[in-house]
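Just need the whole structure built from these sequences, with the hints factored in.
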Amino acid sequence: MSFEWIKIPYALLTLFIVANYGFLLTAVMAKIAARVGRRHGIPVWQNYLDLIKNYGLRSSITHGVMFYLGPVFRLTGGVGLLMFVPTIYGSVMFSNMSFAGDLILALYFVFFGSLGMALGAGESGHPYSAIGVSRGLSQVTAAELPFALAVYAVAVQYQTLSVTEIVAAQQGGILHWTLFTNPIAVAAAMLSFLGSMMRPPFDVVLAPQEIPIGPPTEYHSSYLALMQTNRAIFPIAKIVIYMNLFFGGAASWPVFFLKVFLIYLVSVFVGVAFPRFRVEQSIRWFLIWAVPLGVIAIVIA
Amino acid sequence: MKQELEKRWVKGPDGVDFEVEPLRDYYCEAPPTVMPAAYSKIIEGLFNWARAESLWILGFGTGCGAIEMRPLMTPRFDAYRYGIQWRPTPRQSNLFVISGYLSVKTLKRVIRSYEQMPNPKYVVGLGSCTINGGMYFDSYNTITRLDEYLPVDVYITGCMPRPEALLAGFEELKRIIRAGKGEGANQYAERFDWYKANQKRVIHDWDMPDYNW
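Chains A and B, in that order, are what the protein sequence lines are. The letter at position 192 of the first sequence is residue 216 when you use the numbering used here, and the numbering goes up by one with no holes. The letter at position 213 of the second sequence is residue 215 when you use the numbering used here, and the numbering goes up by one with no holes.
Source of the hints: derived by calculation from the structure; they are not laboratory data. Honestly, I wouldn't trust all of these hints.
Capping the alpha-carbon separation at 20 Å, the derived lysine to any residue pairs in SDA-like fashion look like this [unchecked claim]: (1) A:Lys-55 <-> B:Arg-78; (2) A:Lys-55 <-> B:Leu-74; (3) A:Lys-283 <-> A:Gln-181; (4) B:Lys-183 <-> B:Arg-78; (5) B:Lys-9 <-> B:Cys-30; (6) B:Lys-43 <-> A:Leu-73; (7) A:Lys-55 <-> B:Lys-43; (8) B:Lys-43 <-> A:Tyr-79; (9) A:Lys-55 <-> B:Pro-73; (10) B:Lys-43 <-> B:Lys-183.
Following this line, the structure appears as structure tokens:
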């Protein structure tokens, strides 16, 4: 099997575009949420300023090797998730390193970041980090379950584990999207999407009023800069997976930008309208509403 | 000093007796070091500009002035437009607003939080109580001059200053930072003994290490 070395610069170009889009899009979403609250919110370039400031801090305190590796794992999860799925369908330049079984690898990378973060936060020794980690892992586990069920239902429906082939099967019109051919799986996956975007009502893990910031309590300066970079890349990468599996993929960059914006807006719509759940309430919500949908999707597929 | 912070003998889980001195063993004893601007002027100018445009305030309302900080988060004054955010942990914040009178009890906690913040960090004194004691100048347990205990960058006068006065004070702080003069942390490290002597003179129940980072 041959490997074309030209793929590496193209993959880095995709990463660069997606990272910048992530920084601007998270700021735009914060501005939208601020407009709902009748104020103007942060400037759209604020994420870049925060990144430069955090990187430029002169002192940083480490708690050990795992503390250092926590943000590294998290960024690896985000970048890895992006690198192994095709971003623009049909383009040789932007299809990254996708291959035959990349659907399972995508599922793995979605969870990998949280695990690394949990280990790193645990090493920091702060009790608030430990509480945040236990809440975060239990909520992410409960939110991953309907997503995994929906992904298997879609894999069974299209008889393939390659994201490129799933996107290929959805071309030819809006009614070919998985949204219309397998709506129950998409419903389960979108309910799980709300949970993993860490927005209200499921943001008790990172809520600053609950416990000071949760898992990233002890992280600062360069560590925090790495994690903020991941917070820009990881949602976009996850939405790329959703877009490719359920909403027909994107054949060009403008369509990509529009679809990612609209899917992200779904979580913002729900987020600005609802208050926060406690962790046991959110786990119960996933087990009652989202998991049965996923099970039904697998059974009828 | 609290009983668990004294030097004592403990028996380990495997039956071996060993001596432990918590303040020395569980904390690091190194005093703060001066961390100069290590890069060329252009890069340091870029960093100073980013630090000025991204002020993260520690969410610790030390006195009655904190009530004037809350309206800044509301739609009427909206400090988020200026890049100001409130962070709940000292590890992630770089601006400490001492809002109002500072009792000796709070001063001990303020010192602990201030020393945990990473370099470079800034302090803003809010209200007249930080300048000369204000309304509580003759009280038995408040301090009268904040400058003797922490390096202060900007004072905002008033009792209490209105939120617009706070925003003007933050603009002044941004000018100071952009000019490269926001080196309070290095000043704290240089005159560390003087600050520590002042602090220990008023705080009588000192049960922390000398430098809490």
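- Message: Holds or violated: Lys-55 (chain A) and Lys-43 (chain B), Cα atoms, limit 20 Å.
- Response: violated (34 Å)
- Measure nothing beyond the straight line between the CA atoms of Lys-55 (chain A) and Arg-78 (chain B); if it is 20 Å or shorter, mark the hint as holding. holds (16 Å)
- Query: Is the hinted pair Lys-55 (chain A) and Pro-73 (chain B) satisfied, with a Cα-Cα distance of at most 20 Å?
  - Reply: holds (19 Å)
- Query: Do the alpha carbons of Lys-9 (chain B) and Cys-30 (chain B) lie within 20 Å of each other, as the hint requires?
  - Reply: It holds: about 16 Å lies between the C-alpha atoms, which stays within 20 Å.
- Satisfaction of hint between Lys-183 (chain B) and Lys-43 (chain B), Cα-Cα up to 20 Å: This hinted pair holds, its Cα atoms lying about 13 Å apart.
- Is it true that the CA of Lys-43 (chain B) sits at most 20 Å from the CA of Leu-73 (chain A)? It holds: about 18 Å lies between the C-alpha atoms, which stays within 20 Å.
- Mind checking the alpha carbons of Lys-43 (chain B) and Tyr-79 (chain A) for me, to see if they're no more than 20 Å apart? holds (16 Å)
- With a cut-off of 20 Å on the C-alpha distance, tell me whether Lys-55 (chain A) and Leu-74 (chain B) pass. Holds. Lys-55 (chain A) to Leu-74 (chain B) sits at ~17 Å (cutoff 20 Å).
- Query: Given the hinted pair Lys-183 (chain B) and Arg-78 (chain B), is their alpha-carbon gap at most 20 Å?
  - Reply: violated (31 Å)
- Message: Check whether the Cα positions of Lys-283 (chain A) and Gln-181 (chain A) lie no farther apart than 20 Å.
- Response: violated (23 Å)
In summary, the structure is inconsistent with hints 3, 4 and 7 from the numbered list given earlier, while agreeing with the others.
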